[in-house]
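Q: Given the sequences, and given the hints that come with them, work out the whole structure.
First to last, the protein sequences are chains U and P. The numbering of the first sequence is numbering that gives the first Met the number 0, which starts it at 0 and goes up by one. The numbering of the second sequence is numbering that gives the first Met the number 0, which starts it at 0 and goes up by one.
Hints in this document: simulated from the structure, not taken from any laboratory. Backbone N, C-alpha and C define an ideal beta-carbon position, used for all residues, glycine too. Check the hints yourself; a few may be wrong.
According to the in silico footprint, chain U covers these stretches of chain P (three or more CB under 8 angstroms from chain U) [to be verified]: (1) 0-9; (2) 15-21; (3) 27-37; (4) 70-79.
2 protein chains.
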Amino acid sequence: MWVEFIGFLAAFLSTAAFVPQAYKIYKEKTAKGVSLTMYLVMLSGVLSWEVYGLMIGKWPVILANLISASILLFIIYVKIKYKD
Amino acid sequence: MWVEFIGFLAAFLSTAAFVPQAYKIYKEKTAKGVSLTMYLVMLSGVLSWEVYGLMIGKWPVILANLISASILLFIIYVKIKYKD
Chain U
0 MWVEFIGFLA AFLSTAAFVP QAYKIYKEKT AKGVSLTMYL VMLSGVLSWE
50 VYGLMIGKWP VILANLISAS ILLFIIYVKI KYKD
Chain P
0 MWVEFIGFLA AFLSTAAFVP QAYKIYKEKT AKGVSLTMYL VMLSGVLSWE
50 VYGLMIGKWP VILANLISAS ILLFIIYVKI KYKD
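A: Following this line, the structure appears as structure tokens:
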């Protein structure tokens, strides 16, 4: 019970964390200080977690990483678009 | 077997991802474009994963999140130090 709650909390926080970064980039119209390598490696990681989630059939893992992947793709898109 | 490999790969990638960002900040001596909120929320998430790992007794989770927490603390420290 507690284990599941902590796991849910962890998944929520580590997914939600990318939102303020995406918002900052959107607001400032630049992604200059953000490392493209970080976001590409993180996207690979998140997609691996997605495969892992599908393999073990845990929907919180599947859902959290699907949301993370969307936000990461947005950051990567903007980073490439702004060429900075 | 495959499940464990994918889980290990996912943990490795999502931990290693923070290294290029930390390096970029170190090299450029600024963390201006990086969202402090993101790193504070991510640290809370990683610490929750740490507790989760301890609860389920999975050392890859414990180890990966311990490393992530160290890199995140470095980024947060530099962000606050550079006041930007």
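Q: State the violated hints by number, sorted upward, taking the hints as numbered earlier in the document.
A: Violated: hint 4 alone.
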